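K.L.:
Sequence:
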Amino acid sequence: MDDNDLVSRAKDADRDAFAELVRRHHAWVMGLCAATLGDRSVADDAAQEVFLKAYKSLPKFQGGSSFSTWLHRIAANLCLDLLRQRARRKTESWDELVDKEGDRIQRLLAEPAAPEHSAEDADLVARVLAQLSPEYRLILTLREVQGLSYEEAAAAMGCSLDSVKARLQRARKDFAERLRHFSDPLSV
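In short: position in the sequence shown from 1, add 49, done, that's our numbering.
In short, the hints are calculated from the structure, not lab data.
Every value quoted in this text rests on a predicted model; they were computed, and no experiment measured them.
Careful: at least some of the hints might be erroneous.
Simulated restraints, written as ranges between beta carbons of each label pair [what the hints assert, rightly or not]:
{"#": "1", "residue 1": "Leu-107", "residue 2": "Tyr-199", "range": "21 to 29 Å"}
{"#": "2", "residue 1": "Ala-62", "residue 2": "Arg-219", "range": "15 to 23 Å"}
{"#": "3", "residue 1": "Asp-61", "residue 2": "Ser-182", "range": "40 to 48 Å"}
Think about it this way: if two alpha-carbon atoms lie no more than 27 Å apart in a straight line, the pair counts; the simulated DSSO-like pairs of lysine-lysine are [as the list claims (entries may be wrong)]:
{"#": "4", "residue 1": "Lys-60", "residue 2": "Lys-102"}
{"#": "5", "residue 1": "Lys-60", "residue 2": "Lys-105"}
{"#": "6", "residue 1": "Lys-60", "residue 2": "Lys-109"}
C-beta atoms are modelled at their ideal positions from N, C-alpha and C, and glycine is treated no differently.
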């Protein structure tokens, strides 16, 4: 049974059908939330909230896009909202991150594919991502982590294809510049 059939059944109050949609899509929703938010427990709560919002909004789902695209949009919007709330609170400053992690970032730049450091590097990349604006974090997560096409990312973010391409270019540049700060001690 495909997603469209399950959505139809779920709209008719078939809880098992919606539970199957959750099972099918939970892994990538959780991955998107974890990669964007950077905190597993917050991501768990966010993923639950995504599915709760989807369930409550299911009667309004018209099928103009795939269920997956619609769910990406819900997840992206929720993650952006949470990132904006978090940005209002104090976060680790860029200077604090440079002081603590400068050597690891220099190694990451020199040896990006060293498998023995992959878990450490993933943590470091997540922490550098946390320094980016919510929109940049989201677009990098959708394209680089989730592997969405430009069109899918545009649908998830509710913006044009050109806007996605421009944001992605700026996000990649910002991320690279922040990493380069670690390799040039005079720039910090």
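K.L.:
Taking each numbered hint in turn, which are not upheld by the structure, reported in ascending numerical order?
P.N.:
2
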